[in-house]
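Student: Sequence:
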Amino acid sequence: MSRKQLLILWILTLVAGLVVFKTKNDKDDKITVSTKLEIGAKTLGDIDLGNITEVVVTAGDDTTTAALKDNRWFVSEEGNFPVNLQTLSGIFDDLQKANVIQATSVEKDYYDRFHLDPDDEKTDNRPKTITLKSGEDTLITYYIGKRNETKGGRGSGGGRYIRLSNDDSGVYVIKEGFDNLQAKPEDWITKSLTLLDSPIKVEVKAKEGASYESWTVSRPTAVDDFTLEDGTAGWETNSTETMALKNFFTQVNFTDLLNEQEVKDLVNENDQREVNITDSSGAKYLFTITPEKVEQPEKKPDDKAPPAKVEPSNFVVSFKILNGPTEPQKPAEDATVQQQAEYQARVANRDKLIKNMELQKTLEGRNFKIAATHIKAINKRKQQLEKAKKVSVTTNPVKVPTPGPVTDTPNPLLNPPPIPGSTPAPENGKPPRKRIEAVTPPIAIPPRPGKKEKEVKPVETTEKTDAAKKETPKKSE
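Numbering (our numbering), first residue to last: 2 to 478.
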């Protein structure tokens, strides 16, 4: 190779290096600098959440639309059922705090790397979206991608990648993660009903051929006990069994909302019952309560008794409002303190009850699946609501004779009759205890001996003893 060719080769190599260096610098500038929003900027911009009239959330194949109508939020996919305001306010709060903590300028072809491509082949890699509308205008759509993994490893993410529909300059990392964002419509409704204001009359109407009977209980005010109407003669209301009716449907949770076809497939219409309820505000409701179908066990040939009946676990409940709260009647001048207090409470509560009634009208005709534990109070038979009266026996008064003068009657236990020959005990008390003394016979002391008596007398011996002894010879001097 000639020197000329070698020089040309070196020049080409140098030019290629400069091109690569320049391209790399341009790419770095594009990633770090050229984004519309800077670090710390609000992703909402100048959008006022107070002007939002519709929020659409998507995740995979699920979509939920929350719409504002007459100053109330409803879920469109659930037949305009009221929104769980805690869920909606949580999203608004996260959006309000969503400030940029990192900005990266990338092209659309790289959105899939951040799980920000809505057309990704993998459903799990598609972004969740939040679209904010005001009237007919779409203000902004948030595309919410994967978490930003830091050097700490998986699970130690520092925020989440997002991009904005009104900003094509790149992707951003925000601190708020939207981890609890749900797009299933059933997760956006409050599964709790607040209907009655302390029932004061409950009337159960049985259908022909039903397995239960009709009965009615009522009470004058919300603080009284229920009384069973048309009860058995000689019987009284069992207040223990009717106590649960005092709070019946004042607040109840349901597990699901059902459409007409789901209801038809689920319930046993033969045991459907209608319940008319009047609450303390004067409002009247008609409830239709139907148990779910239950397969009863068949009696086997070896069974001596029929098998126990299986009770339904759930009921389908719908209601209709017959009339709203009535005007409280002012108590009479001689009314009790309790009646006056109840009147004042109804006056103070009236506006709240009317507002709640407006919300209840949006729930009329819906089919709520409710657990049997909440329906237990009206599933009782009439005989369970009463008990036999306690029989009180009345006798003629017994005349008590007038007592005469008080005399002391001897008590044979305290003052037994005296033993013959002994000293009788005193009249008012026990006999005195005698002192026990030890008595010994007198000791005879012999007289002091005289001089003659002091001389020692020879010892008297017997003949046998003297004969046995030998004389001892005397020694000569």
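Calculated directly from the structure, the hints in this document are not laboratory data.
For clarity, every value in this text was computed on a predicted model and none was experimentally measured.
Honestly, I wouldn't trust all of these hints.
What the hints assert, rightly or not - Think about it this way: if two alpha-carbon atoms lie no more than 25 Å apart in a straight line, the pair counts; the simulated SDA-like pairs of lysine to any residue are: (1) Lys202 x Glu108; (2) Lys176 x His116; (3) Lys185 x Thr327; (4) Lys356 x Asn277; (5) Lys321 x Lys362; (6) Lys185 x Pro119; (7) Lys383 x Ala223; (8) Lys247 x Ile290; (9) Lys390 x Asn239.
Student: Next, verify each hint and record whether it holds.
Tutor: Against the structure, the hints:
no., hint, in the structure
1, Lys202 x Glu108, "violated, 69 Å"
2, Lys176 x His116, "holds, 17 Å"
3, Lys185 x Thr327, "violated, 39 Å"
4, Lys356 x Asn277, "holds, 22 Å"
5, Lys321 x Lys362, "holds, 8 Å"
6, Lys185 x Pro119, "holds, 18 Å"
7, Lys383 x Ala223, "holds, 22 Å"
8, Lys247 x Ile290, "holds, 18 Å"
9, Lys390 x Asn239, "holds, 10 Å"
The structure does not agree with the numbered hints 1 and 3 stated previously, though it agrees with the rest.
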